[in-house]
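So the protein sequences, as listed, match chains A and B.
The numbering used here applies: residue 1 is where the first sequence begins, and numbers increase by one.
The numbering used here applies: residue 1 is where the second sequence begins, and numbers increase by one.
A hint or two may mislead.
[What the hints assert, rightly or not] Some chain A residues well away from chain B (every beta-carbon gap over 12 Å; in silico):
id	residue
1	P96
2	D100
3	L115
4	V116
5	S170
6	W229
[What the hints assert, rightly or not] Pairwise CB distance ranges (calculated):
id	chain 1	residue 1	chain 2	residue 2	range
7	B	S210	A	E146	21 to 27 Å
8	A	P204	B	E223	44 to 50 Å
9	A	R141	B	P127	52 to 58 Å
10	A	R35	B	T5	45 to 51 Å
[Said to hold, decoys possible] Residues of chain A placed beyond 12 Å of chain B at every Cβ, according to the derived structure:
id	residue
11	I21
12	P99
13	T106
14	E227
15	R228
Hints listed in this document are in silico derivations from the structure and should not be mistaken for laboratory results.
Even for Gly, the Cβ is constructed at its ideal location relative to N, Cα and C.
Protein chains: 2
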Amino acid sequence: MTLDTQPSIIVFDVNETLLDITILEPLFERIFGNRLALREWFAQLILYSQTMTLSGLYAPFGELGIGALRMMASIHGATVTDRDIEELKERMGRMPAHPDAIPALTRLRDVGFRLVTLTNSASSPSPTPLERAGLGDFFERAFSVEAVEKFKPAPETYRLVAQEMGVETSDLCLVACHLWDTIGAQAAGCRGAFVARPHNALLPGPEVPSPDIVASALTDLAEQIIERWPVD
Amino acid sequence: MTLDTQPSIIVFDVNETLLDITILEPLFERIFGNRLALREWFAQLILYSQTMTLSGLYAPFGELGIGALRMMASIHGATVTDRDIEELKERMGRMPAHPDAIPALTRLRDVGFRLVTLTNSASSPSPTPLERAGLGDFFERAFSVEAVEKFKPAPETYRLVAQEMGVETSDLCLVACHLWDTIGAQAAGCRGAFVARPHNALLPGPEVPSPDIVASALTDLAEQIIERWPVD
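Given the sequences, and given the hints that come with them, work out the whole structure.
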């Protein structure tokens, strides 16, 4: 990767970056009496997805999510019923798009960027959560880490996208509201663009890669990408 | 590893398993108005330590801890001063032993198990936190993941202990109150024993290794180890 390399393909993270996970809050409010328990659950889900990959193991993201919910119930003395599990799956299947998603995707597509997604979630039959949220048509391809059975931020996940698209990782810019995702993408040779959603922030540290682009909304992020890496 | 292999060396995780991290709570209470913010911080610290290792990067655990504290301050609109950082380090240096630690370690040592520690924390000059807590004399060796520059649960961390002790990983039983640690240890060929400290629980899932031993206190855990794997 050289400094003058510029990405032509923008790779979007899905959960929380494009789709709004706060639709899950009423479930956590009911089970734990606190809607912010969603944050604890999501952090534990990500932590254990990384644990599995570091350990050379794999289970679908959705199964780990159910396990993390049951773990939290044990910790907090709460009860999780089969109906709660069904509601978790159902709500995850109909997460709405963040309001800044369609304007940003429209801008990036119109100036000529190729757009794909890469998610920790397993693939699902159509209509997918992205399609239900009205975002399906923006993307050439929708990648799941299940193809390599390793979760982000393992380098194999970003290389999967590059290989399937027939490009180098330096042709990719990963967009996410989770720094752990841009850290991994940048370590694998991609560019990284960070959008600061609520309950997310940068983690400063001398050895921690800073994102190439930081924005408070996807619309601003899209403009920064267009300005920095103009499409020929 | 065969089913009749039994471990002769017990490898203890340190933070939260032997030493009580709740001594940090007053700091989190002051900064975030909520002592349980400690839990969010510790989960994010573990998550980002795993992120770094998956990305082929390394920074000392203490530095990531400071970064995670600053990240949380950004998220919650709180302020972290240099004095707060100093207090974090100071409190982490004098975490007390859990009350069940000395009785359990005494029992295991007296029946002939060899005892060592393996921590994500960087090594520190004497007196170390373990020594200050009165636990230093129980252990033949104190290992830090800094030697391999990968955080637990990377398999290299457990193999480090086996190599340095001149044994196979199947000779080791890893004791921790964090399932992510026993998952990694078991995937690397060790036995895993889980002690259920407050705010910790098992994560059930079909592909997630169950610990060989589960206990609610280190004293009970020690008795189970002695009963299951009697020393010749």
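Against the structure, the hints:
Every Cβ of chain B is farther than 12 Å from the Cβ of A/P96; the closest lies at roughly 22 Å, confirming the non-interface assignment. Listed as a non-interface residue, A/D100 keeps its Cβ farther than 12 Å from every Cβ of chain B; the least gap is roughly 19 Å. At the 12 Å boundary, the C-beta of A/L115 stays outside the reach of chain B, the nearest C-beta of that chain being 24 Å off. In this structure A/V116 is separated from chain B by more than 12 Å, as the shortest Cβ-Cβ distance comes to about 21 Å.
For A/S170, the requirement that its beta carbon stay farther than 12 Å from each beta carbon of chain B is met, with the minimum near 16 Å. Remark: the non-interface label on A/W229 is consistent with the geometry, its nearest Cβ contact in chain B lying 23 Å away (cut-off 12 Å). A beta carbon spacing of about 23 Å between B/S210 and A/E146 agrees with the range 21 to 27 Å that was offered as a hint. Between A/P204 and B/E223 the CB atoms are about 45 Å apart, so this pair conforms to the stated range of 44 to 50 Å.
Against the hinted window of 52 to 58 Å, the Cβ-Cβ separation of A/R141 and B/P127 comes to about 56 Å, which satisfies the hint. Checked against the given bound of 45 to 51 Å, the beta carbons of A/R35 and B/T5, roughly 47 Å apart, stay inside it. Listed as outside the interface, A/I21 is consistent with that label: its C-beta sits roughly 15 Å from the nearest C-beta of chain B, beyond the 12 Å cut-off. Residue placement check: A/P99 keeps its beta carbon more than 12 Å from all beta carbons of chain B (closest about 21 Å).
No Cβ of chain B approaches the Cβ of A/T106 within 12 Å, the least distance being about 29 Å, so the stated non-interface status holds. Every beta carbon of chain B lies more than 12 Å from that of A/E227, the smallest distance being close to 25 Å; the non-interface claim holds. No Cβ of chain B comes within 12 Å of the Cβ of A/R228; the nearest lies about 23 Å off, and the non-interface call holds.
Hint violations for this structure: none, all hints satisfied.
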